[in-house]
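Chains A and Z supply the protein sequences, listed in that same order.
Here the first sequence stands for residues 1 to 417, numbered as in the numbering used here.
Here the second sequence stands for residues 418 to 578, numbered as in the numbering used here.
Since the hints were made in silico from the structure, they are not lab data.
Every residue, glycine too, gets a C-beta built ideally from N, C-alpha and C.
Warning: the hint list may mix true and false statements.
[Stated by the list, open to error] The calculated lysine to aspartate or glutamate pairs, modelled on DMTMM-like cross-linking and capped at a C-alpha distance of 25 Å, are:
(1) A:Lys257 / A:Asp267
(2) A:Lys321 / Z:Asp574
(3) Z:Lys434 / A:Glu209
(4) A:Lys221 / A:Glu211
(5) A:Lys182 / A:Asp194
(6) Z:Lys578 / A:Glu166
(7) Z:Lys441 / A:Asp120
(8) A:Lys169 / Z:Asp574
(9) Z:Lys445 / A:Glu209
(10) Z:Lys571 / A:Glu166
(11) A:Lys171 / Z:Glu572
(12) A:Lys221 / A:Glu209
(13) Z:Lys566 / A:Glu165
(14) Z:Lys571 / A:Glu189
(15) Z:Lys447 / A:Glu189
(16) A:Lys326 / Z:Asp503
(17) Z:Lys573 / Z:Glu477
(18) Z:Lys483 / A:Asp328
(19) A:Lys316 / A:Glu349
(20) A:Lys183 / A:Asp136
(21) A:Lys337 / Z:Glu477
(22) Z:Lys445 / A:Asp136
(23) Z:Lys517 / Z:Glu545
(24) A:Lys180 / Z:Glu454
(25) A:Lys169 / Z:Asp537
(26) A:Lys183 / A:Glu201
(27) Z:Lys445 / A:Asp216
[Claimed, not checked] To give an idea of the chain A side of the interface with chain Z (calculated C-beta under 8 Å), a few residues:
(28) Gly61
(29) Ala143
(30) Arg218
[As the list claims (entries may be wrong)] Just the calculated beta-carbon pair ranges, DEER-fashion:
(31) A:His15 / Z:Thr449: 24 to 32 Å
(32) Z:Val530 / A:Arg375: 33 to 41 Å
(33) Z:Lys441 / A:Glu201: 13 to 21 Å
(34) Z:Phe539 / A:Tyr186: 23 to 31 Å
(35) A:His15 / Z:Lys419: 35 to 43 Å
(36) A:His15 / Z:His575: 44 to 52 Å
(37) A:Arg256 / Z:Thr505: 57 to 65 Å
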Amino acid sequence: MADSDNLTLNFGPQHPAAHGVLRLIMEMDGEVVHRIDPHVGLLHRGTEKLAETKPYNHSIGYMDRLDYISMMCCEHAYVLAIEKLLDVQPPIRAQYIRVMFDEITRILNHLLWLGCHGLDIGAMALFLYCFREREDLMDCYEAVSGSRMHATYYRPGGVYRDLPEEMPKYKANRFISKSKVKKLNYNREGTLLDFIADFTERFPSKVDEYEALLTDNRIWKQRTVNIGVVEPERAIELGFTGPMLRGSGVEWDLRRKEPYEVYDLLDFKIPIGLNGDCYDRYLVRVEEMRQSNLIIQQCVAWLNKNPGPVIIEDNKLTPPKRALMKHDMESLIYHFKLFSEGYSVPEGEIYCPVESPKGEFGVYIVSDGANKPYRLKVRAPSFAHLAAINEMVKGHMLADVVSVLGTLDLVFGELDR
Amino acid sequence: MKILNIIKTLTLIDLLKGLKVTLKNFFKPKITVQYPEVKTPISNRFRGKLALMKYENGEERCIACKLCSAVCPANAISIDSEESEDGTRRTTRFDIDAFKCVYCGFCEEACPVDAIVETDIFEYHMTENHQRLQTKEMLLQLGDDYREKIVRKKEKDHHYK
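One chain only, chain Z, in its complex shape:
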């Protein structure tokens, strides 16, 4: 037993075993992808930047029921509402504070008219502090710009909800 131990110590067998693993992995294909060009897959349930949606005819979906701001654990959503010219209830202010939002997805779960949605945008930046406030116009614009993508994503996940 003692001789065996001495042989093991002198031949560095334990270290060589480890080096074999690292050498094998050195030649294996890597899982790294070249990020800005190639992206890792994004699930249909991904919770990214929030957006506001419209109906097909261009009418706003949001009816200012304020469920999203009530359910938001971080109090990131602030809403003011007023009766519009056609007698419907509409928001006059719909601000989301990007610094407060924790991307929990409760607002989307709560929205009875599918107005507020989670997109799969996760890359965005701001250069000034005040830009963290996403106004209603910005959110609606985002919903318009990515409409097709968002609809496709939501349709695929619809029957689980």
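Chain A extracted, bound-state conformation:
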């Protein structure tokens, strides 16, 4: 028999299963993968360097664009880090709003992950159903911040504006009848909180639907069970966080271990997997969606009962009320000072992590006392996860690379920054 060399195969960066601009160099022996070398950096935009040149508040919008699937969680880490350096505490209502939107973001992220992971492996219908639910959550984003994705909603000291009292409604015209519009608007009659409450009531049955499609499905199981197994010890060594770590059976969740905001007042469970394979990570993420749903329900109940300020009234950090700014000279001076120069953050350094849907998303800021960070470093969970891909797919078939890529839940916005 003739000796055959390993075949080197290039996967991506323009491959629909590569989730963006990932390039993998694969060494194949027949259909078995021997070695994988991920090439990253194709979506590098220099966010960290960019943040050094701008006053603190300007970079909030850029944080959205890091992990563009879980926007508000990235903002949250950045804003929390600044708050810790400044040693300010946002009002309790703002904390609840943030937690609620963090969990909405978690569901958004997991829905997209589930849809795309399913699509990669061959479950087409699921993709459509997931995006149906995402639509409602996107509407929540838009109602509260004005943008469906890049919210720029959190601010150091709270959130920009309170939750709106009314939801935007569909309008009838000659192409759509009044009765149909009425049906479409049924959950938009009340406030945003009513809209979210209605969603949380519907959502568990939708998750049941996804599970009916996948959990027992033999094709799904053949593609995911015992693929990409990571032992718990190894998962910790590799720096895994989030569902990747919990899928391996390590109960580690920053919302519990180092509670920020009001997570210590809320009741939720941390799901963990047993085997550390793709299937377990799928189960963990689905259960996380259910738990997030519960958290949102608790937040909605609290927010309905407790009106109050959503941002601290310290005009050195947050702009004065608009009505006040128009008539009061001092407020106008604060307004101009804040929007032209920003605020100075005391000297020091801080690392502030949050449990983003993908894992531990952290922001490290070094401040030299100026109005812009001296250095900003983003700890992206996807980076550590991608680094383990060689280990996870070694010895598997080519088709399993797609399963593993899907289960890693990579987003290149944050990975390449």
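Knowing the structure of chain A, use the given hints to seat chain Z on it.
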């Protein structure tokens, strides 16, 4: 247990369960709307194309304080100013680069006279590269054309700010 598994495998019960879901959804009303004719609702806070507003008497609101260009994270706004004939400070140039703008809404937040506003226009196009620059005239025209809509939108959201 083993027999049960064999029955499960042979009857394709797991696949049929999934097919039941897809069949049920096949007959359900769809959430898709026929886009150009029917549009999804747009929030009062929506951040779309930028426009410049005037007072009721037709006077420009903008006083060329340049807060918007100072606060813009993407440096999309460029302003030149001069003293006008009546002694007020006015812009001679007010360009917004549509390719640079990230629609963060900071400029509207910063404007002390409510001159620059976010409209809910999100459908626009250009065919030549240079058209990405929206000049002062274009922005004022946009503000005039959609004045009623913009005012209604801003009034509804005013008390949150």
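A:Arg256 paired with Z:Thr505, Cβ distance criterion 57 to 65 Å: holds, 59 Å
May I ask you to test the hint 33 to 41 Å on the CB atoms belonging to Z:Val530 and A:Arg375? Holds, since Z:Val530 and A:Arg375 (Cβ atoms, about 37 Å apart) stay within the stated range.
Does the structure keep A:Lys169 and Z:Asp574 at a Cα separation of 25 Å or less? The hint holds at about 15 Å.
Hinted pair, alpha-carbon criterion (25 Å max): Z:Lys445, A:Glu209. Please report holds or violated. holds, 14 Å
Z:Lys573 and Z:Glu477: Cα distance at most 25 Å? With a Cα-Cα distance of about 23 Å, the restraint between Z:Lys573 and Z:Glu477 holds, given a limit of 25 Å.
A:Lys321 paired with Z:Asp574 [C-alpha distance capped at 25 Å]: Measuring from Cα to Cα gives roughly 13 Å; hence the hint holds.
Let's test the interface hint: is any C-beta of chain Z closer than 8 Å to that of A:Arg218? holds, 6 Å
Decide if the proposed pair is consistent with the structure: Z:Lys441 and A:Asp120, CA atoms, cutoff 25 Å inclusive. Given that 25 Å is the threshold and the Cα spacing comes to 24 Å, the pair holds.
Assess, step by step, whether the Cα of Z:Lys445 is no farther than 25 Å from the Cα of A:Asp216, and give holds or violated. Satisfied, since the Cα-Cα distance of roughly 24 Å is no more than 25 Å.
Is the Cα-Cα distance between A:Lys221 and A:Glu211 25 Å or less? holds, 12 Å
Evaluation of the interface hint that places A:Gly61 against chain Z, nearest CB under 8 Å: Where the cut-off is 8 Å and the nearest Cβ of chain Z is about 4 Å from A:Gly61, the hint holds.
Hey, does the A:Ala143 contact hint survive, CB to chain Z under 8 Å? holds, 5 Å
When each numbered hint is compared with the structure, no violation occurs for any of them.
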